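Sequences and hints are given; from them, build the entire structure.
Residue numbers (UniProt numbering), protein chains in the order written: chain C, 1 to 763; chain A, 1 to 165; chain H, 1 to 327.
Quick caveat, the hints were computed from the structure, so don't treat them as lab data.
Residues from chain A shown here face chain H by an in silico Cβ test under 8 angstroms; the list is partial:
{"id": "1", "residue": "Asp3"}
{"id": "2", "residue": "Pro22"}
{"id": "3", "residue": "Ala44"}
{"id": "4", "residue": "Gly49"}
{"id": "5", "residue": "Thr52"}
{"id": "6", "residue": "Glu58"}
{"id": "7", "residue": "Arg59"}
{"id": "8", "residue": "Leu61"}
{"id": "9", "residue": "Leu64"}
{"id": "10", "residue": "Ala68"}
{"id": "11", "residue": "Glu131"}
{"id": "12", "residue": "Ser134"}
{"id": "13", "residue": "Gly135"}
Quantities reported herein were computed from a predicted structural model and do not represent experimental measurements.
Even for Gly, the Cβ is constructed at its ideal location relative to N, Cα and C.
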Amino acid sequence: MNVIETRQRGEASDGSGVGGRHSRIDGRLKITGGATYALEHRLENLTYAVLVPSTIAAGRMTAIDTKAAEAAPGVLLVLTPDDDLGLATASDWFGNRAEGSYRPLIPEITFNGQAVAVVIAETLEQATAAASLVKVTSEETQAIAGLDDPRAGEGNLVDNLTVSWGEAEAALAAVPVKVEGEYRTPREYHVTIEPHGLTATWEGDRLTIFEPSQWTHGMARSYAEWFGLPYENVTLISPFIGGGFGSKATASFYGALAAASAKKLGRPVKLAITRPQTFTAYGGRAATRQKIALGASEDGMLQALIHRGANETSMVGTWVENTGAATPLLYAVPNFSSENRLVPVNTVTPGALRAPGKNPSAFGIESAMDELAHALGIDPVELRLKNHAERDPQSGKPWSTRQLREALTAGAEAFGWSRRSPEPRSMRDGHTLIGWGVAIGTFPVIRAYGEALIAIRKDGKVEVISGAIDMGQGTYTILAQTAAEALGVPVDQVEVRLGDSSLPGAAVAGGSMLAGVMTGAVHKAASAAREELIALALNDPNSPFRESGANTLAIANGQIATPRGDGPAISIAELMARIGRDRIEVKRDTLPEALANDVGRMKAWTTMSLMRAPTDGDYSMHSWCAHFVEVKVDEDFGTVRVSRVVSAFDCGRLYNPKLVESQWKGGIIMGIGQALLEEGLIDPRRARVVNNNLGDYLVATNADIPDIEVISVGVPDPHASVLGGKGVGEVGIVGVAPAIANAVFHATGKRVRDLPITLEKLI
Amino acid sequence: MTDRTTVHLEINGRAEALDIEPRVTLLDALREHLGLTGTKKGCAHGQCGACTVHVDGERVLACLTLAAQAEGRAVTTIEGLAGPNGELHPVQAAFLEYDAFQCGYCTPGQIMSAVACIREGHAGSDEEIREYMSGNLCRCGAYPHIVAAVRQAAEELTAQKQAAE
Amino acid sequence: MRDFSYHRAGSADEARRAATLPAAMLLAGGTTLLDLAKCGVTEPEQVIDISHLKGLDDIRVDAEGAYIGALARMSHVADDAGIRGQFPAVSEALWQAASQQIRNMATIGGNLMQRTRCAYFRDPATFPACNKRAPGSGCSAIGGVNRNHAILGTSGACIATYPGDLAVALTALDAMVHLGERSVAIDDFFLLPGGTPEKEHAIEPGEMITAITIPASPAARRSTYLKVRDRQSYEFAAASAAVGIELETDGRTIRDLRVALGGVATKPWRARAVEDALKGKALEPEAVRRASLLAVEGAANHGGNHYKIELAPRIVARAILNAGGAA
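What follows is the structure, given as structure tokens:
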């Protein structure tokens with residue numbers, strides 16, 4: 001492995017190698033309607049399943065009347081909590097498996113919208129109509145509606161999230177300048193434009209699942225365990241995913257229901273989650289609150305940081321949305337204390353949504369830093385540079401790479417920050433108040449293992465095969481670029497097959513890790529394939545190179561030649577023909593020796609237990625960014641429009657800047673929605689999210705989004721990944737909301753500490 | 001008793017006859033009955049734009065149109081946009097060039113909407129494009145690239161039109 | 001959505017007759033009917049499709065005013081040169097409503113029949129209580145999440161906001177709604193909820209909107225629609241104002257003024273008190289702001305919607321000053 005050499009080749013301007021601005025190789029399918037998403041696979045004899053949600057949030061179902069539904073036209077099956085489906089429990093993300101049976105429907109109701117039945121019929125229309133005929137009788141108890149419900153209480157301390165060094169309380173009491181505030185974020189939702197769902201079909205004891213998946217292997221394992229099948233008997237197929245953002249990494253109760261129904265009926269079952277059900281069939285981002293106190297000397301050096309955070313979780317599950325995730329990492333502070341609590345309420349168990357933890361955490365600390373800058377009368381960029389942490393304050397380890405200073409400087413320069421007038425309400429245009437804000441963000445580098453198969457075909461084309469997925473990050477494209485570069489062929493000679501659990505193993509497409517993991521695996525496999533091809537070319541009796549006297553060969557642009565170019569030069573296809581080979585296959589994984597066995601592979605591909613933390617090893621590894629935002633606030637109406645964004649990123653080396661820029665901008669845009677629009681509104685009586693649709697849960701439209709400039713200040717990070725990249729997908733959203741809140745303060749003089757910043761908070 | 005009806009549709013220039021319940025939407029008729037899955041279902045309530053198709057040349061939402069309502073009208077879906085030999089429509093080509101999508105799920109609706117937006121004369125400025133493309137939500141956040149692609153395609157189509165005149 | 005039969009009406013008369021059958025509903029653009037049928041709010045047994053009827057989609061503008069056929073599409077009216085020239089508030093209200101796809105589908109008649117966006121009205125499975133949906137069952141919005149609910153024209157039975165934009169402009173400009181045999185002033189077409197929130201329009205069984213007309217006036221020619229919302233596009237109004245103004249030849253004295261509010265009331269809300277306070281007065285920002293406060297006289301706050309009481313007059317004032325050229 002020679003990282004430096006790879007990087008040099010990747011800088012080719014033709015866009016073919018790693019680092020080139022190649023357009024998506026799966027793009028044509030997506031723009032012609034030819035990309036087949038999970039619910040679009042056509043199966044004979046298909047039936048349709050529709051979930052019946054609970055309309056109460058707490059209590060126990062005492063009776064369920066399915067007669068009318070069963071009698072409705074076309075209805076084939078109704079399943080309720082009374083049906084024992086004979087399923088076993090499946091392992092959790094870390095491979096831990098409890099004994100016992102698994103019931104996807106239960107009579108104990110712990111949140112509004114919890115499924116209580118499923119109806120299967122011949123057509124979607126029939127199943128939908130019949131689902132509304134299921135009558136549920138319940139004994140209702142009083143629900144705890146959310147974090148603000150007085151009966152929710154302070155919650156329970158999460159011991160392993162308590163972090164402290166120095167004497168924070170004492171230091172805070174002694175400093176001349178301090179700020180304190182409570183920062184809150186509401187329930188937020190993934191809102192993938194493709195709703196969830198699946199089609200399940202059986203052939204004997206083999207189960208095939210078509211389901212959008214961020215992790216084909218991990219989800220296939222759940223199905224296998226539920227149904228007591230050997231892992232190999234389940235195939236989960238997911239070549240295209242209509243957005244995930246963390247919500248499509250787990251097999252869920254509705255998958256179990258669809259597969260069990262299909263088994264009972266002996267017919268394929270398609271279960272589509274409706275848009276309102278996407279708010280309750282799985283969890284969005286937990287609501288959070290955090291109190292932060294910052295203390296500094298008069299020259300702006302941080303002396304103390306106290307953080308007390310909490311997030312809601314469900315009554316039956318634990319979800320930690322760590323509001324302290326970014327807090328200890330950003331600044332050098334000698335006295336630090338952070339605690340986090342979990343508050344159970346009647347909600348579906350929250351889940352991972354783009355930059356879990358880091359996102360709300362940055363809203364707290366980065367708002368607080370802005371308040372401190374104002375209190376000190378120091379420019380917010382300068383304050384951040386002053387308190388730059390030279391090493392990870394928590395682990396004490398050096399950063400692998402940290403171009404955060406460069407991000408702040410380059411971002412400020414491109415934005416024109418030096419022209420900012422520091423006083424709030426000092427920039428205006430008629431009724432419009434103008435504000436400029438800054439905030440930084442971070443996301444850890446998580447490492448894991450991957451496996452890839454490279455096939456060289458007789459036509460000279462190369463196949464890259466892996467069960468990893470592409471939900472829009474660009475996996476197809478960057479793996480083609482990686483293989484093309486390692487093998488010496490043009491990208492358009494590479495075909496990539498992904499999204500199938502029967503293919504070689506991969507880590508979850510989560511935690512911004514997949515690109516680093518899979519480029520590493522593909523680079524290794526493709527390099528080995530190249531060596532094998534060269535060995536064949538040198539040694540095969542029918543090869544024209546056999547007598548060349550060379551001890552190695554060069555492959556470039558699909559042509560094989562002697563290194564000095566003084567011998568024969570032929571295409572890969574011609575070589576394959578000469579040596580009489582149809583196909584050369586090479587499979588490689590990146591597992592260390594100790595794990596390179598069946599048990600290790602199963603663990604690596606189907607659990608998260610082998611993931612390596614950012615501080616595992618000699619360094620602390622993270623992506624970094626700095627966002628600069630301009631807002632325009634109508635002083636009469638309180639409406640906020642983001643009019644300009646410049647963000648600078650350190651994500652290490654970029655495998656394909658064109659696609660990376662799209663992801664960064666996507667994160668920023670989701671952050672704009674988070675800052676200004678997004679909030680699950682909970683009815684206090686029924687503990688139901690009442691804006692459970694896209695007309696009322698507002699995500700940003702095209703008209704809400706200005707031009708966005710993104711800048712890369714990263715340098716290759718050889719510790720973070722084989723090819724030098726760090727995570728890209730999540731860091732983009734981290735810090736956007738506080739940058740906007742800070743800009744709103746600069747525009748209006750009003751500090752909004754609870755998201756979203758809606759107009760009533762400003763008039 | 002389930003009422004059924006025979007609906008005659010013209011989809012991408014092809015005549016199709018469907019024996020369906022009257023409550024079947026054009027969207028479900030396309031996706032579930034005709035296998036034309038390029039038109040996407042995102043919300044089924046007219047709130048996302050993923051199901052945008054053209055009916056008699058105008059962009060509409062297939063999720064709030066009964067299949068029966070489309071009888072006697074010409075329906076164009078994303079599958080019918082490229083040329084007979086697969087040559088991309090200028091809007092499709094611009095979407096690829098500007099990376100105006102990520103997951104691709106809202107994309108057919110965006111493209112059908114953009115083609116109509118240009119034809120309507122509502123692609124005159126970036127601001128107008130943003131407003132008239134706001135009926136198509138994109139959660140991956142491709143909006144700035146969508147605006148760039150629509151601007152580019154509009155310029156190209158205008159030039160083509162002027163050259164033809 | 002329950003099953004229904006589907007009939008294509010051959011004429012307006014046939015449609016009207018068919019629509020008198022129990023549980024029969026007219027289908028034009030479909031953007032409200034199919035949406036609510038999917039929510040389980042409306043359960044038609046028969047759907048009478050009138051969208052193909054000929055001769056009901058004319059848009060004509062002359063010196064007398066505008067005639068807009070009931071089946072004219074929102075987008076076509078918005079882009080009509082005559083409407084844009086003579087009734088800018090109508091065009092502006094239309095293109096700021098919904099999305100272009102929906103405006104290509106939705107008809108002017110159907111738009112007037114649009115139902116409220118109240119989340120409780122739209123969710124019968126979870127919230128059976130809704131006087132608008134099930135008379136006498138109660139109101140779930142009172143005491144619930146009511147940030148988007150009405151501050152004006154409410155009753156103890158219903159606080160649901162009228163959601164549309166077009167009708168607000170039409171109300172300011174004194175449009176008439178034609179129901180075949182008879183015509184109704186737009187302000188009388190929309191009913192206050194009172195004790196019968198299920199009855200939203202002055203339309204009787206067997207009647208169908210055939211057209212609307214808008215009288216021409218200098219105030220209509222100098223009109224504007226100002227819509228304020230959380231999202232820049234594709235959202236209902238948090239509050240809006242349609243304003244038409246005519247100034248005396250001195251260029252500053254208000255001769256005629258029309259003001260209507262949207263997004264804040266149970267029906268399109270004509271603010272005559274504001275008009276009366278300013279007619280004959282100079283178009284002067286402070287006076288306009290003061291008079292605009294009269295727009296929310298008698299407003300009621302239900303908790304989440306308190307901000308509308310402050311917001312609405314500010315929008316009215318800005319719209320008046322914009323229309324008068326004094327902003």
